[in-house]
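Q: Listed below, chain by chain, are the residues.
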Amino acid sequence: MSHHLISRRQMLAGTAAAGAVGLTGFPARAELNWKKYSGTTLEVILAKGPRGDNLQKYIKEFTELSGIKVESEQIPEQQQRQKCVIELSSGKPSFDVVHLSYHVQKRQFEKAGWLADMSGFLKDPSLTPPDLVESDFSAAGLQYARNDKGQMLSLPWSVDYFILYYNKELFQKKGVEVPKTLDEMAVAAEKLTDPKEGIYGFVGRGLRNANMAMWTNFYLNYGGEFLDAKGNILTDGPEAVEATKLYQRLLTKCAPPGVAGFNWMESMASFTQGRAAMWIDADGWAPPLEDPAASRVVGKVGYTLVPAGPKGKFSSTYGDGVGIPAASKNKEAAYLLCQWVVSRGQGARLLQAGGGVPFRNSIVDDPEVAKGVKTKEWLQSVVDSAKISKLGLPVIIPVAEFRDIVGAALTATLSGADPATELKKAHEQFRPILERSEKA
Amino acid sequence: MSVVTQASPAADKAFSSEVGTGSREENASKQDSRAGGSGDAAPAREWRPPSYWPFVIPALVVVLAVIVFPWVFTIWMSMQEWKVGSPTVFVGLANYLRLPTDPRFVEAVGHTLSYTALSVVLPLVFGTLAAVVFHQKFAARGFLRGIFIMPMMATPVAIALVWTMMFHPQLGVLNYLLSLVGLPPQLWVFNPTTVIPSLVLVETWQWTPLVMLIVLGGLAAIPTEPYESAQIDGANFWQVFRFITLPLIMPFLFIAGMIRMIDAVKSFDIIFAITQGGPGSASETINVYLYSVAFVYYDLGYGSAIAVVFFLLIVALAALLLYLRKRLLWTSELGDGA
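The listed protein sequences derive, respectively, from chains L and P.
Heads up, this note's numbering is the position in the first sequence plus 5, with the first residue counted as 1.
Heads up, this note's numbering is the position in the second sequence plus 5, with the first residue counted as 1.
There could be a bad hint or two in this list.
[As the list claims (entries may be wrong)] If you want the footprint, here are the derived chain P segments under chain L, 3+ residues with CB under 8 Å:
#	stretch
1	85–91
2	168–181
3	276–288
4	300–314
Think of the hints as simulated: they come from the structure by calculation, not from any bench.
We treat Cβ as the ideally placed atom computed from N, Cα and C, and that holds for glycine.
Between the sequences and the hints, there should be enough to build the whole structure, so can you do that?
A: Structure, rendered in structure tokens:
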């Protein structure tokens with residue numbers, strides 16, 4: 006057993022996490038018995054992306070360590086969500102570990118009682134290494150993972166903060182300062198826009214549903230909240246109207262044509278071609294932006310916080326975690342895998358690859374881990390965002406409907422519709438849906 | 006070839022007179038007695054299962070399992086409040102009553118109808134023109150025909166991906182082509198007002214060849230005599246097309262139109278892969294909305310209600326087409342006689 010621990014430490018040494026592992030003081034508590042469930046086979050269902058890749062790439066290490074075989078499949082996000090929901094609702098899911106998107110599924114999974122409570126496992130030294138404690142997860146992560154009763158129903162895996170990407174070269178050319186507030190950003194975007202040259206000051210998601218994630222950065226910074234104390238939705242207030250006016254101003258006056266149909270991919274295309282000076286999106290795009298084969302802006306990209314609004318400075322936050330179905334027969338073995346997935350070694354690899362940001366402060370704040378991150382400015386923007394993070398979507402069951410309905414209202418404003426009228430309409434449309442889903 | 010005889014005035018008259026004299030039930034019973042011979046002459050005799058019926062069982066089982074059961078189940082589900090993860094509650098017609106108050110559904114019906122109308126009419130027009138052209142004898146006709154029907158064979162999702170790139174307002178090839186002839190760039194699927202016509206463009210590009218194939222079959226079946234007499238009468242090209250070709254291929258056009266309509270009304274892949282119903286909800290058809298309700302919002306009860314209404318809409322459109330078929334074939338008969 007100890008042989009395996011050592012070999013694992015040696016393996017981690019190569020990933021710059023070694024120093025930190027040494028500091029944790031093994032074995033201060035009772036030894037974690039990795040081999041306890043040797044011979045078990047676990048099924049894992051993953052959403053396709055860098056996180057799933059990171060798990061699959063190194064899963065052999067876990068198998069060597071624990072003797073647990075892991076069968077994993079990666080499915081595109083949308084289909085993965087469907088498959089999980091359908092299997093979980095059948096009561097006999099085919100998997101022992103599920104990769105879930107908190108911002109979409111937290112409330113749904115919680116209310117249906119699909120996930121096993123991990124609180125006990127977390128406190129069990131025979132299952133949890135001493136450095137993994139609840140308080141190490143960021144506030145947003147705990148808010149996502151815990152239910153109303155304070156039980157941990159999953160382990161927070163990777164968090165997405167929205168940050169501002171900007172093109173330093175275009176800023177210099179026009180002599181524009183990097184904006185600190187949303188108002189400054191709008192003014193800067195207008196200055197930087199030059200349609201004759203095909204250069205636009207700002208690009209971001211206009212496409213219904215996807216656009217909500219960007220809009221909430223404005224909404225939160227204008228002082229908006231999603232729900233009142235009674236659980237009513239609040240997206241037609243003056244804060245929402247102001248945020249939407251800014252959204253409309255940026256995307257109609259300073260963004261490339263057709264932005265109403267843009268998701269992150271189209272936005273990124275504009276930005277990497279050097280056609281857009283600013284872009285607000287999730288933090289995971291540093292690797293493609295700095296890839297000489299795909300990007301014309303390598304070395305010219307600035308990374309910073311989303312500018313502050315008149316009433317706040319937040320970074321809208323989304324995230325995913327790993328959970329165990331309540332119906333799984335291998336809960337302890339599955340938990341061993343879950344805590345390995347969010348372990349320091351795996352988290353460091355994820356961060357260094359630029360594929361995601363771990364929810365654990367001890368990894369993000371670790372200077373040893375930071376040494377392995379190529380883009381320092383990016384890392385700084387992520388570390389700073391963590392301090393001002395705020396959930397980017399309301400924690401309700403019909404999140405998807407909410408995003409579709411309010412998102413459609415936002416897209417409508419891009420064809421000139423009045424923000425207040427559209428938001429009011431969306432609000433009226435969404436209210437009965439929320440009432441219907443929460444009463445059950 | 007039976008279709009052709011039906012198109013001839015005499016056969017059509019015979020057909021309509023039969024429909025005119027006998028009521029539907031009578032016709033049905035006539036057919037029954039012809040097919041089964043179970044004897045409507047002796048009603049007193051005790052009922053025995055017809056001798057053929059063991060042979061029907063396999064087909065019956067399949068029909069019950071894959072058509073009747075799902076339908077009954079869908080109707081039953083449409084009367085439940087059933088969200089995945091929550092218990093089901095019987096709510097009667099509440100899901101149906103919700104439909105007219107749901108602006109997204111109402112909007113989706115409009116989009117479905119305009120999308121369907123455009124993507125039936127345009128392929129019919131272009132397909133007919135293409136068929137008339139490809140019916141002429143010229144060099145490399147077979148080769149060109151082969152090229153022309155290629156879009157039909159491609160996978161919709163692959164087509165969608167390629168067209169999405171072509172539609173891109175800044176980087177797409179379509180705007181480049183427009184710029185070559187001095188036209189301003191368009192926003193194509195990235196603008197709510199042009200998104201449906203743009204999607205119909207893809208649909209038309211893909212399905213015009215199908216219409217062409219069907220109409221070519223029709224053209225091949227037309228006898229040469231009417232054309233010869235038209236030549237003697239000195240009819241021009243348009244007159245020949247309007248008074249000879251068009252009436253004679255009308256039954257084929259109806260078949261093509263019917264196939265196109267059923268296909269267009271339930272079209273999903275192209276729309277979903279290119280726009281996902283956007284921008285906003287500007288291209289959200291009933292089918293796309295139904296997908297969201299059932300598989301993104303997991304509202305299975307409401308989704309089933311939409312499915313039932315959607316089915317009824319398709320039946321209504323098919324009935325309308327059948328009605329028009331009778332009307333239009335009748336006028337074509339008049340035109341023929343005049």
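Q: Do three or more residues of the stretch 85–91 of chain P come closer than 8 Å to chain L, measuring C-beta to C-beta?
A: It holds, with 5 qualifying residues against the three required.
Q: Taking beta carbons only, do three or more residues of the stretch 300–314 of chain P come closer than 8 Å to chain L?
A: holds (count 4)
Q: Within the assertion that chain L covers the stretch 168–181 of chain P, do at least three residues meet a Cβ-to-Cβ distance smaller than 8 Å?
A: holds (count 4)
Q: Are 3 or more residues of the stretch 276–288 of chain P near chain L, judged by a Cβ distance of less than 8 Å?
A: Three-residue rule met by the stretch 276–288 of chain P, so holds; n is 7.
Of the numbered hints listed earlier, not one is contradicted by the structure.
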